[in-house]
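Q: This is what each chain is made of:
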Amino acid sequence: MTTKKTSPIKNVVHLECKNLHEYLKSQTAQVITKLYEYPAICLAVYRDCIPDIAKQFVIRMLFVEQAVPQAVVSSWGSQIYAKENLEACKSLTELKIWAEASIPGGLSAWNLNPSFKRNLKIAWLGGGSSWSMFNSIESDAKSRDINFLDQYAMSRWNCLLHYMVDSNASKGSEIEGISVDAVRIILHANLMKRNEQDGSSILTSQGFQFLLMDTQSQVWHFMLQYLNTCEQRGLSLIECLSMLFQLSFSTLGRDYSSEGLSENMLTFLQHLREFGLVYQRKRKEKRFFPTRLALNFTTKNAVVSENIVNESNAFNKTTTAGIVGDDNKYEKGYIIVETNYRVYAYTDSKLQISLLALFTELLYRFPNVTVGVITRDSIRQALRGGITARQIISYLEQHAHPKMIEAATNSTLKTSSMLPPTVVDQIKLWENERNRFSFIDGVVYNQFLSEADFITLRDYASSIEVLLWQNERTRTMVVTKNGHDDVKKFWKRYSKGGG
Amino acid sequence: MNELNADDPSLLVIALDTNPSQSILKRKPNLLTNILNSISAFGNSHLMQKPQNKLAVIGCHHHTSKFLYPSTDKSLEVRQIDGQYEYFTLVEKSIKTNLADMITNAPKVASNNESMLAGCLAMALCYITRIKKSQPPGCNLNTRILVITGSEDSAHQYMTYMNVFFTAQKEKVVIDICALDNTLVLLQQGCDITGGQYLKVPQIEGLLEYLLWIFLPDPAIRSKLALPPPVKVDYRAACFCHRELIDIGFVCSVCLSIFCKFSPICTTCSTVFKVPVPLKPKKKKIKT
Amino acid sequence: MADDDEIREYRWETGYEKTWEEIREDNNGLISGSIHDIIQKAKRKRQEAKKGSSRLGMMRHIYIMLDCSEAMSIPDLKPTRFLNTLKMLQLFIEEFFDQNPISQVGIILLKNKKAEKITELAGNYKNHVKMIQSITKLNLVGEPSLQNGLETALQTLRMIPAHASREVLMILGSLTTCDPGDITETIQSLKQENIRCSVISLSAETRIMRYLTTQTHGIYSAILDESHYKDQLFQHIEPLQATNTQECSLIKMGFPHGLVQDSNKKDVSMMSMCMCHLDSSEPRKLSTTGYFCPQCQAKYCELPVECVVCGLTLVLAPHLARSYHHLFPIANFIEVPYEKQSTHCFGCQRPFQDIDKSLYQCPKCRIFYCIDCDIFIHDTLHTCIGCSTTPGGQKHQIHSDSNNYQKSFNNSVHL
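Each protein sequence line maps, in turn, to chains D, U and G.
Quick note on numbering: our numbering labels position 84 of the first sequence as 84, and the sequence is numbered without any gaps.
Quick note on numbering: our numbering labels position 278 of the second sequence as 278, and the sequence is numbered without any gaps.
Quick note on numbering: our numbering labels position 174 of the third sequence as 174, and the sequence is numbered without any gaps.
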């Protein structure tokens, strides 16, 4: 009797993208307490990290000096949604926004973190000192308008993405290269791998997935990776985080002063300038303009406060003074998917076209439109590279042309996605085709000398539920790896006993 | 899109009654400052809930109604002065400046002018319609109006109120009422028709607390919290001749006015009525 | 088409609507301004078609007759004529009850030379909508019978009291009808009973339908495409002018209150079953809430309804209030060219720009509105914002000859 071991095929690693809640949860209590000293961070955490019911609880407790008994807090939610209540309480505890305490009388109560309470009130109602980068500044003679800032931000960010897509092409073409620092972060984040032979970088499967995410998630993920390494550069994590959050609450189109920022923060500002999150005319300049990338930092399509300089712009067509609606979407959708698997992309950006080329077969390229077709081969090629069907579908949905979205909302058929259901289903089916096999580690037992031996061993294996497969005619059976030891021991006992 | 989605952003329009003829303001003129502070804080707390939440505040004065936030005529440039988020400072400043403007430019109060709240609500509905239309395709916006008033019920505006309530019901706008002084029966009907909350504030000093506890949660999550139960509204009609609530009445088929007793002429539209005659039993036609 | 006596070119000759000629470039070579204009004109067309009112018939009893013959399975309206019609009817019924809350609707199907009444005249729209949804799988065979359908409607409508309007709305897809007797006799009896028949034809105009609608003073329309269909169907939602023969009388109505407390005892919540779901397959549970008929104390879940026990119509005050805007409509706004008379629209606060060629002004309070607010105010809101926010402007809103009415309103609010 011989045994053989079979080895599994490597599975595809998925990109782990933490959101703010998870990121904070992973920090130590010390770091969190220091973070809550900044009103901007408290406001961001309140707005983006906790469920709706938890927000109500917190705001009710904001004006109460003492601890609130837990029974009282549970009575605030309705009985039917008790599960959601518990989840809300749990999330607040995880983020250390409140802690358990006991009040005289022996009841257990919740006590809001005092620095969180204080700073959230400051951010909401006023008081305290102004945030570090919001010092007063003289008005700029040559201030930049929002369109310029948008273009600048996107061109910087696209440089980064271009590098990832085609690291060789960026040399010697009109696209600027990116700094060594940025390359280091990309490698550290495992988005690209250094090829040992020629030293160039190639895209990993996580890199593919990163490219297909929407811009806001990309920026967030990238900055998280940056923050993981910032301690090594000598920058304090707390300060960087506070700066990032303050930026996310700034007004688009307005300039801010960089006076009073420490050396470290100025270095950080330069890095942000390179990634496209802020704009500065010259390195040494005292003023900078946050761009849309910085403002959308924590949430997608956040309300972006806009500086209305001209009075004629006030209350312009669709927006209200002071806020810009979501209709000034950063990137307008440009993809139309038809039921005959054709994809029309109304764009001329090389980056977007090369992203499309990852999973479609490009047929024609015109100055303003590129036509491709989704085929089995093109999807399989993408799947082989590590992209999942879900990512492809969500990429197509994110960049869907407004006409497609309109048609979906106006149609009487209530479909879940605006893409044709045939195409969506087919992409998923092609993905499933690759999953026809499931691999389980096992051990093969064959070449039994007698039928009786085989039957005994097989019955024993099935009785301890480790038998995976057996064939009586060829006297072969497969047992799980874990069960192999047990079966081997049994066999030894049996063969010794049976003779 | 019949169900409210808690993930969608929300637009809150606050309709504030600033009419100096309100009895509550006549008693304590300084109360308006407190009310204004509470409303600014409340408006900002709404903006704190979600990044895409929107806010608008309309002031209803004795001579007209005007938008306090966002400013229509001029835009204010506001920089951060203390630790408050810049945007919130802008909101507060706009409300205060625009209200001061409106009060200084108001003509003298003649006699006890009642607040034209129904018109103010109609203006809010026009604004809401416009904002909803300007949303990009695929984005839903939950909308609601919060009315804060110390006035009494105004029977003159019954028709306008009814039009407003039915329009709000059709456009899925929830109307909440916060009554500072008197019980408002007519506006309660509005809450009932649109599915909103009604509250008569017991103590005006704690206005912000009441606003935060009862009116801050969006309608989508109100079912998950323990809030005061809806008020039972009596929908009986009153007859036009005696002003009494009636169970059974006679309705003119032309102008729909309600009477408690039969009379040969309708007093409102002057139609002559036919005296009801018992129907003669008609011969049944046999069909083949 | 029959009433156009002027010489018109047929479409198969050269008479096309040359819509592309309407689009012209302006000075800068942009066409967006001219497209904007076209959209504005289309929006305004509907507004101008409305006229002021005189007496209207508020209580309407309308039978909807639906053709279920083979001709309805033609897919020229997507997906088939029949399914498209059902979809339209659902929207129609909801909108109809919204605008005419005290009216009643019944549905008759013309199936295979027979007429089948699937819902009785009732004031609650949910039942009708449910019925419509259940007949989507109907087998469409045979030909419709006009006479049978009209006779069925006639039987019930005959009994309706004279103060209510009696109407029949027919949706026909077939060009033929298969009748047992003389249809002109049926038409004569319809005319005698003052039943107003309107027809919407999904195929072409036929002479007998034209005769029917002319005799009974109804509206006949043949549809061009889906949006035209919706337009024509929805024009029946507006209440009609009251004919001279319609008698005005005082209708006895009950106003139940929804409160649970009994007038004799306090805080007594008695459980009872409702009358509206007695015949339904799923029995309703005992409940304490509901509306009790003041005459016979029968309980109903929803209003408006006609009490099955004593025959009294039960309504709530808001139901009557929904119809008031028909009786007191606001005046049409005057279109004035844009000459910077105002910086922004008074309703929605949108700033006026050069692309707005005209503003709309209320004749009474002289406030300017943008086109979107104009349409919103006239279609849905029925209140001029300028008139309702200025003290004293209230009076402008209502016709001067109903001052009495306004006084009565003061009393109608129960305080």
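You may find that some hints are simply not true.
Stated by the list, open to error - Below, a list of computed lysine-lysine pairs in the BS3-like style, where the Cα atoms sit at most 27 Å apart:
#  : chain 1 : residue 1 : chain 2 : residue 2
1  : G       : Lys-230   : G       : Lys-130
2  : U       : Lys-172   : G       : Lys-137
3  : U       : Lys-132   : U       : Lys-28
4  : U       : Lys-132   : G       : Lys-299
5  : G       : Lys-130   : D       : Lys-403
6  : G       : Lys-87    : U       : Lys-133
7  : D       : Lys-90    : D       : Lys-18
8  : U       : Lys-261   : D       : Lys-332
9  : D       : Lys-96    : D       : Lys-121
10 : G       : Lys-113   : U       : Lys-261
11 : G       : Lys-87    : G       : Lys-137
12 : D       : Lys-83    : D       : Lys-25
13 : U       : Lys-132   : G       : Lys-87
14 : G       : Lys-114   : G       : Lys-87
15 : U       : Lys-132   : G       : Lys-114
16 : G       : Lys-126   : U       : Lys-232
17 : D       : Lys-403   : U       : Lys-28
18 : D       : Lys-121   : U       : Lys-133
For the record, the hints were derived by calculation from the structure and aren't laboratory data.
The model shown is predicted, which means the values in this text are computed figures rather than measured ones.
Q: Looking back at the hints listed earlier, which ones does the structure fail to meet?
A: 2, 3, 4, 5, 8, 10, 15, 17 and 18
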